[in-house]
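Enquirer: Spelled out, the chains give:
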Amino acid sequence: MREFGYHRAYDVAGALALLGADPDARFLGGGTNLVDLMKTGVERPASLVDVRELPLDGIEPTADGGLRIGATVTNSDLAAHPEVRRRYPALTQAVLAGASGQLRNMATVGGNLLQRTRCAYFTDVTQACNKRVPGSGCPAIEGEHHNHAVLGASEHCVAVHPSDMGVALTAFDATVTYETPDGPGRSPLTDFYLPVADTPHQETVLPPGALITGVTLPPAPVAARSRYRKVRERASYAFAIGSVAAALDVRDGVVQDVRLALGAVASRPWRARTAERALAGAPAGAETFAAAADAELAAARPLPHNGYKVTLMRNLIVAVLTELAEEAAR
Amino acid sequence: MDPVPSPTHSGITLNVNGEKHALSVDHRTTLLDALRERLDLTGTKKGCDQGQCGACTVLVDGRRTVACLQFAVAAEGREITTIEGVAEGERLHPVQQAFLDLDGYQCGYCTPGQICSAIAVIEEHAAGWPSAATDDVRPEAGPPPLTPDEIRERMSGNLCRCGAYVAITQAVARAAGARTAPAAQTTADRGAAA
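Protein sequences, first through last, are from chains S and H. All you need for this note's numbering is the position in the first sequence, starting with 1, plus 4. All you need for this note's numbering is the position in the second sequence, starting with 1, plus 135.
Careful: at least some of the hints might be erroneous.
[Unchecked claim] Which chain H residues stay away from chain S? Per the calculated CB distances, all over 12 angstroms, these: (1) 152; (2) 155; (3) 172; (4) 173; (5) 175; (6) 178; (7) 193; (8) 209; (9) 211; (10) 238; (11) 268; (12) 275; (13) 280; (14) 288.
[What the hints assert, rightly or not] Computed cross-link-like contacts, EDC-like style, restricted to lysine to aspartate or glutamate with a CA-CA straight-line distance of at most 20 angstroms: (15) 43(S) to 236(H); (16) 43(S) to 184(H); (17) 43(S) to 214(H); (18) 43(S) to 219(H); (19) 155(H) to 175(H); (20) 155(H) to 258(H); (21) 43(S) to 64(S); (22) 155(H) to 184(H); (23) 181(H) to 168(H); (24) 155(H) to 211(H); (25) 181(H) to 219(H); (26) 155(H) to 214(H).
The set of hints was computed from the structure by calculation and includes no laboratory data. Everything numeric in this text was worked out from a predicted model, so none of it was measured. Cβ coordinates follow ideal geometry from the N, Cα and C atoms, glycine included.
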């Protein structure tokens, strides 16, 4: 590991100044991804700015009935918060479906959004990877890609975003807020991750030197009845091979409102707007749900070894929407 | 010899098991290596060293964490509890006692991490935290009973390559005073009587 300087920041302005003082500096939150990547040599920062003492660890209701979640809130505190559990239960479920109790106590909301893919070629510095070394190639396309993207990928990168939390946040129209030396900024999470195209190394819209300060969830009454369901290769403590965050409001057998986002299928949490449009105003039932899933997945471009994901996601979408519809009918 | 303080080294004080330890560290030193190699607290084990096995679980400010993914310098100012600090003198922690009574281990390598994790699991459950095994996470649903499914899910960050999971689950349940499923309880009671 490269030697590095260590600084602890106590306010946002101080954190930005410390980061700006070293072009090779990185913010250190929970460290559950960054420290691992430093050990393997994927990340080689010259200095770390520890942001865990920043006053960004609160979860506050907003005036309009949403929630404001600070960037340094740990996954554990987010999942356990009564208002998150009450208003956005799928967000609690998503966070609890990720990692382990130990890692959730360390990991932060800001870091979760900026975590890197677990593609084995990205994390192995002896391999080519367009995300890690632009222009070096993507061995996953011809190689091991059973858990890679089926939506929104490109011939340059087929890695998936590993977050569970981000899938629920995407379904609920979260906005990322950040601070830069030139002032504050914000981005809807649906626009936060850049298209892969031929620049897979450029992952987000964050300007250089920016610090995520939090995530804002708008009010979403539909989210009170929501679910996150995750499929993985063992029962717990594994990344998703496919996941769904969904909220559904059904009245008189007709879909009034729906939110749907998919995980582990693309370079970002995938908001399923095509499916949502197909569902709005339609009769709630297995046929509608399957047609909506098919409409969304029509854009899927599976690789030789991950075609199962298209079937998996179709079934997962139908199953979760059916469960929510049955719950609504009770 | 301790390295000379420089931009890449710091003099720090680690508060471990209620004792303060002054040491100079290369910033690359993980909390795990500082505990084992500098403070001779070798109860905390190094398994995968990449946050995947839980063998290095320690409590930081009362919460379970993995020591391999924290830098020692970043742990300054926090209260660290290792397996060496959970007993009260000669009196074992109830979780330690339950692991002993129910044979919650085989080779023992993962055991310190399992026990530190279980101590926190019981606290988290008592605080009303749901888990991925909890059907209804809404606060109105109340805290879930600490069933074997709940224990397995909450303990999933601690791998046991010997596969002592059955007895580990029973030990955690006993220490929590939780009501387990009848079959599991029978096995647990047999284990205790043996």
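Enquirer: Each of the hints needs a verdict: does it hold here or not?
Expert: Now for the hints, and whether the structure bears them out:
| no. | hint | result |
| --- | --- | --- |
| 1 | 152 | holds (19 angstroms) |
| 2 | 155 | holds (18 angstroms) |
| 3 | 172 | holds (16 angstroms) |
| 4 | 173 | holds (17 angstroms) |
| 5 | 175 | holds (23 angstroms) |
| 6 | 178 | holds (16 angstroms) |
| 7 | 193 | violated (9 angstroms) |
| 8 | 209 | violated (5 angstroms) |
| 9 | 211 | violated (9 angstroms) |
| 10 | 238 | holds (23 angstroms) |
| 11 | 268 | violated (8 angstroms) |
| 12 | 275 | violated (7 angstroms) |
| 13 | 280 | holds (17 angstroms) |
| 14 | 288 | violated (5 angstroms) |
| 15 | 43(S) to 236(H) | violated (39 angstroms) |
| 16 | 43(S) to 184(H) | holds (9 angstroms) |
| 17 | 43(S) to 214(H) | violated (25 angstroms) |
| 18 | 43(S) to 219(H) | violated (27 angstroms) |
| 19 | 155(H) to 175(H) | holds (14 angstroms) |
| 20 | 155(H) to 258(H) | violated (25 angstroms) |
| 21 | 43(S) to 64(S) | violated (36 angstroms) |
| 22 | 155(H) to 184(H) | violated (25 angstroms) |
| 23 | 181(H) to 168(H) | holds (8 angstroms) |
| 24 | 155(H) to 211(H) | holds (10 angstroms) |
| 25 | 181(H) to 219(H) | holds (15 angstroms) |
| 26 | 155(H) to 214(H) | holds (10 angstroms) |
Hints 7, 8, 9, 11, 12, 14, 15, 17, 18, 20, 21, 22, counting from the list given before, are not met by this structure.
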